[in-house]
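Add chain B to chain A, keeping to what the hints say.
2 protein chains.
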Amino acid sequence: MFIVNRNFQAGTPLCTYGELLMTTLEQDIHAIGRQARVASRTLARLDAKQKNSILIAMADELIVRSPAILAANAEDISAAENNGLTKASIDRLRLTDLRIAEMADSIRQVAELADPVGEILREWTRPNGIRIQKVRTPLGVIGIIYESRPNVTADAGVLCLKTGNAVILRGGSEALASNIAITKALQAGGLHAGLPDHSIQLIPSKDREAVRIMAAMDKYMDVIIPRGGHSLIEAVVASARMPVIKHYDGICHVYVDHEADLPMALEIAINAKCQRPGVCNAMETILIHRDIADQFFAIAAPAFAKQEVELVADDSAFKKLASLAYPNLRAADDQTWRTEWLNLILSVRLVDDTENAILHIETHGSHHSDAIVTNNPHTAEEFLASVDSSTVYWNASTRFTDGGEFGFGAEIGISTDKLHARGPMGLEELTTYKYLIRGEGQIR
Amino acid sequence: MFIVNRNFQAGTPLCTYGELLMTTLEQDIHAIGRQARVASRTLARLDAKQKNSILIAMADELIVRSPAILAANAEDISAAENNGLTKASIDRLRLTDLRIAEMADSIRQVAELADPVGEILREWTRPNGIRIQKVRTPLGVIGIIYESRPNVTADAGVLCLKTGNAVILRGGSEALASNIAITKALQAGGLHAGLPDHSIQLIPSKDREAVRIMAAMDKYMDVIIPRGGHSLIEAVVASARMPVIKHYDGICHVYVDHEADLPMALEIAINAKCQRPGVCNAMETILIHRDIADQFFAIAAPAFAKQEVELVADDSAFKKLASLAYPNLRAADDQTWRTEWLNLILSVRLVDDTENAILHIETHGSHHSDAIVTNNPHTAEEFLASVDSSTVYWNASTRFTDGGEFGFGAEIGISTDKLHARGPMGLEELTTYKYLIRGEGQIR
Numbered sequence: 001m002f003i004v005n006r007n008f009q010a011g012t013p014l015c016t017y018g019e020l021l022m023t024t025l026e027q028d029i030h031a032i033g034r035q036a037r038v039a040s041r042t043l044a045r046l047d048a049k050q051k052n053s054i055l056i057a058m059a060d061e062l063i064v065r066s067p068a069i070l071a072a073n074a075e076d077i078s079a080a081e082n083n084g085l086t087k088a089s090i091d092r093l094r095l096t097d098l099r100i101a102e103m104a105d106s107i108r109q110v111a112e113l114a115d116p117v118g119e120i121l122r123e124w125t126r127p128n129g130i131r132i133q134k135v136r137t138p139l140g141v142i143g144i145i146y147e148s149r150p151n152v153t154a155d156a157g158v159l160c161l162k163t164g165n166a167v168i169l170r171g172g173s174e175a176l177a178s179n180i181a182i183t184k185a186l187q188a189g190g191l192h193a194g195l196p197d198h199s200i201q202l203i204p205s206k207d208r209e210a211v212r213i214m215a216a217m218d219k220y221m222d223v224i225i226p227r228g229g230h231s232l233i234e235a236v237v238a239s240a241r242m243p244v245i246k247h248y249d250g251i252c253h254v255y256v257d258h259e260a261d262l263p264m265a266l267e268i269a270i271n272a273k274c275q276r277p278g279v280c281n282a283m284e285t286i287l288i289h290r291d292i293a294d295q296f297f298a299i300a301a302p303a304f305a306k307q308e309v310e311l312v313a314d315d316s317a318f319k320k321l322a323s324l325a326y327p328n329l330r331a332a333d334d335q336t337w338r339t340e341w342l343n344l345i346l347s348v349r350l351v352d353d354t355e356n357a358i359l360h361i362e363t364h365g366s367h368h369s370d371a372i373v374t375n376n377p378h379t380a381e382e383f384l385a386s387v388d389s390s391t392v393y394w395n396a397s398t399r400f401t402d403g404g405e406f407g408f409g410a411e412i413g414i415s416t417d418k419l420h421a422r423g424p425m426g427l428e429e430l431t432t433y434k435y436l437i438r439g440e441g442q443i444r
Numbered sequence: 001m002f003i004v005n006r007n008f009q010a011g012t013p014l015c016t017y018g019e020l021l022m023t024t025l026e027q028d029i030h031a032i033g034r035q036a037r038v039a040s041r042t043l044a045r046l047d048a049k050q051k052n053s054i055l056i057a058m059a060d061e062l063i064v065r066s067p068a069i070l071a072a073n074a075e076d077i078s079a080a081e082n083n084g085l086t087k088a089s090i091d092r093l094r095l096t097d098l099r100i101a102e103m104a105d106s107i108r109q110v111a112e113l114a115d116p117v118g119e120i121l122r123e124w125t126r127p128n129g130i131r132i133q134k135v136r137t138p139l140g141v142i143g144i145i146y147e148s149r150p151n152v153t154a155d156a157g158v159l160c161l162k163t164g165n166a167v168i169l170r171g172g173s174e175a176l177a178s179n180i181a182i183t184k185a186l187q188a189g190g191l192h193a194g195l196p197d198h199s200i201q202l203i204p205s206k207d208r209e210a211v212r213i214m215a216a217m218d219k220y221m222d223v224i225i226p227r228g229g230h231s232l233i234e235a236v237v238a239s240a241r242m243p244v245i246k247h248y249d250g251i252c253h254v255y256v257d258h259e260a261d262l263p264m265a266l267e268i269a270i271n272a273k274c275q276r277p278g279v280c281n282a283m284e285t286i287l288i289h290r291d292i293a294d295q296f297f298a299i300a301a302p303a304f305a306k307q308e309v310e311l312v313a314d315d316s317a318f319k320k321l322a323s324l325a326y327p328n329l330r331a332a333d334d335q336t337w338r339t340e341w342l343n344l345i346l347s348v349r350l351v352d353d354t355e356n357a358i359l360h361i362e363t364h365g366s367h368h369s370d371a372i373v374t375n376n377p378h379t380a381e382e383f384l385a386s387v388d389s390s391t392v393y394w395n396a397s398t399r400f401t402d403g404g405e406f407g408f409g410a411e412i413g414i415s416t417d418k419l420h421a422r423g424p425m426g427l428e429e430l431t432t433y434k435y436l437i438r439g440e441g442q443i444r
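Protein chains in written order, with our numbering: chain A, 1 to 444; chain B, 1 to 444.
Keep in mind that the hints are not guaranteed to be accurate.
What follows is a set of in silico ranges between Cβ atoms, one per label pair, in the way DEER data are often shown [to be verified]:
1) A/R108 <-> B/E102: 52 to 62 Å
2) A/D207 <-> B/G441: 23 to 33 Å
3) A/S106 <-> B/E428: 27 to 37 Å
4) B/T363 <-> A/E381: 49 to 59 Å
5) A/D207 <-> B/R208: 26 to 36 Å
6) A/A48 <-> B/I299: 36 to 46 Å
7) A/D207 <-> B/A303: 49 to 59 Å
8) A/E428 <-> B/E308: 26 to 36 Å
9) B/D91 <-> A/A48: 33 to 43 Å
10) A/Q307 <-> B/T125: 38 to 48 Å
11) A/A48 <-> B/E102: 44 to 54 Å
12) B/E102 <-> A/N356: 45 to 55 Å
Away from chain A, derived, C-beta distances all over 10 Å, residues of chain B [claimed, not checked]:
13) F318
14) N395
15) K418
Because the hints were derived from the structure by calculation, they are not lab data. For each residue, glycine too, the CB sits at the ideal point set by N, CA and C.
For reference, chain A alone in the conformation it holds in the complex (with noise of 0.2 Å):
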């Protein structure tokens, strides 16, 4: 039933499909959900030597089969070209030698951070004499979708099997043929230093219904995570039983008080906008106070004008601007200050005052990344306070919202939920708890 690439063998490392060939596309995934269900048995017993040569081993197998997995993305690369695919996501979807030594790189660094589970998170005894401690633990199967990068897979795989969870890949059908090749490099190193069995698994198929099947699966899957545009986290969130963790869009404002330092407020929009525009944590609004907007545009207006940004403005900052002859201005309408623009264009808008930014932001924003500036600390401690945003920012840049930034070492993703994971999501953030308890006998 698995559309089978011819990459792919039955029997491989990648998954004994041998053994599972059965009549439906639900069948095999359930077969693989078993298997990973096994898998997390044995891989959250293993301590973070273990994990680590396995990560190392896999590493060093991802270099070793360069040559197929070059190959493997050279047949990708040209159906795309076929499939008339875009420049972009051509580009998005080529691996070189290069890119292969940073993915392995990644995962030596994966290797080299603390591991963590196992840590006691709390630990009290009770009056009755039980003794209570909080534990940290793997999820157990985690499912991830993705879109078009293969070196997803490797970044995913390894984070999961890092924080002891067996994984359930499936990865964009242009780069499924990358996708088996990487997995496979993995396995293969991986079983060579103690990698349990359908510790990560690939589904090799290019079926759409592939999705709605793996998010019916909550006996044998703890999670989901998709990774990709909205149309994907809605496609997943509309048929998941199990909880998902979704990456959504980033509608991020910065907010020039009254009291800003304006050149820094200047920096702060231009790096927010400019430096990377195409990410979740870009700022897509400004808002500015009224008193104040006419000394701003006076050193904003030529800044962004020279990195070529265009400005969606409401009725008064659209008078400003015109009347500083701003060269790419339009007028800003319904749609304005909840599109995610992703791009050079800002959307610009003046506000009476700091309530009116935070009312702003609470009813067009994403609850992403929101900055103010201002050298007032209670108008800041006010806005930090009342932004319910998963990362508040007083005089910084939104583009901080990152687990690199943070100091995580490796990032899954940046949660939009508030449940379990909110904002940038590391290594903790795929694990859980459960309470161990130790007694003499004690009864109620």
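The following block gives chain B in isolation, referenced to the frame of chain A:
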């Protein structure tokens, strides 16, 4: 569109339906959701002192309004009798002056607890000088769907308030009049002490469609907690777009190792099965090491017989128990090991060793609460590490999986999920966190 009980009038403090009466149940519930979202912003900013005075005022008003609450409850009881509800159901539904006083007392106890909101979970400074704080915050808006006991209206409502959350309650239709009267008392009491409007709202509809509408309302609700039977939880899981915190079955095990202190094992087993058999942390299956089965049954059979426990035994246990002429015995079948008896019935199985006990628990259990009784610390630690349940015990009864027994002060339930909250849920589990970053103009 609401099926409104005559105790409910438009424009009451419960919810200003006068302004809201729209054409469909969906629009009404969405209006409630929008209002809750607005309330949640104010609630998140209340300090512990303000929230505690509101709680005390609520408790006082419950007592003041006892006559109205009892009158509403009498309506529910009389309807339930006319509808032929079982005596047990009617019992769960019934309020008395004593039960109302207990509700009020339990609110006063919640006021005494420490407020988790605002707690700094972690803080650190990055090399670039930005200071990151991880701070505990309310979840926002919590939906709670529950069944017959009207006291849940007060319990759930005040735990959400204590943690700065707005709550949307949907109780059992047979308790609607009682729930409305209780909600009105909480609202009226709270408003005097500064409770924001729409902090505690009840959906005054008996239509089952209300559950589906709530579950789809991820725009206004951050989490949904169904408290009730399997089919209620299943209905919510199937339609929910937001995270669901589930309280599924407890198929709990006690494993009696061959190195157990047998009198201790018996005491734990009797307690875990008989002290309160209808709850989720009661034992449903006992696993006994084959080598000590005869010795154990010699003391256990008379003890279980005295408690009138029916035993459902695998082949070898059946033979031994039959030879002891156990009075209430039947043979296990395929369903036995997955059955939550919630009654004085116990599944009995002999196992060859600890590994097989663990395998049985992982295969058939519900990952709730499982115990080993042994004097061998190595065996015990192996069991504690390998069993993936919310609470794993060594030499203690499974009955301790409980917010009160853990010392949490209050309990919203016992989560069978792994994400966000696992095991007993106290106040902390009704919160999330956000990151606050303070800088001096840092950019990337």
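Each hint, compared with the structure:
1. A/R108 <-> B/E102: 52 to 62 Å: With a Cβ separation near 60 Å, A/R108 and B/E102 satisfy 52 to 62 Å, so the hint holds.
2. A/D207 <-> B/G441: 23 to 33 Å: 51 Å, violated
3. A/S106 <-> B/E428: 27 to 37 Å: 34 Å, holds
4. B/T363 <-> A/E381: 49 to 59 Å: Holds - the Cβ-Cβ distance for B/T363 and A/E381, about 53 Å, lies within 49 to 59 Å.
5. A/D207 <-> B/R208: 26 to 36 Å: Hint holds: Cβ distance 35 Å, inside 26 to 36 Å.
6. A/A48 <-> B/I299: 36 to 46 Å: Taking Cβ atoms as reference, A/A48 and B/I299 lie about 44 Å apart, which means the hint holds.
7. A/D207 <-> B/A303: 49 to 59 Å: The hint (49 to 59 Å, Cβ to Cβ) holds, given that A/D207 and B/A303 are roughly 57 Å apart.
8. A/E428 <-> B/E308: 26 to 36 Å: 48 Å, violated
9. B/D91 <-> A/A48: 33 to 43 Å: Between B/D91 and A/A48, where Cβ atoms are some 54 Å apart, the hint is violated.
10. A/Q307 <-> B/T125: 38 to 48 Å: 30 Å, violated
11. A/A48 <-> B/E102: 44 to 54 Å: The hinted range 44 to 54 Å holds for A/A48 and B/E102, with Cβ atoms some 49 Å apart.
12. B/E102 <-> A/N356: 45 to 55 Å: 46 Å, holds
13. F318: With a cut-off of 10 Å, B/F318 remains clear of chain A, as the shortest Cβ separation is near 27 Å.
14. N395: The claim is violated: B/N395 sits with its nearest Cβ about 5 Å from chain A, within 10 Å.
15. K418: 4 Å, violated
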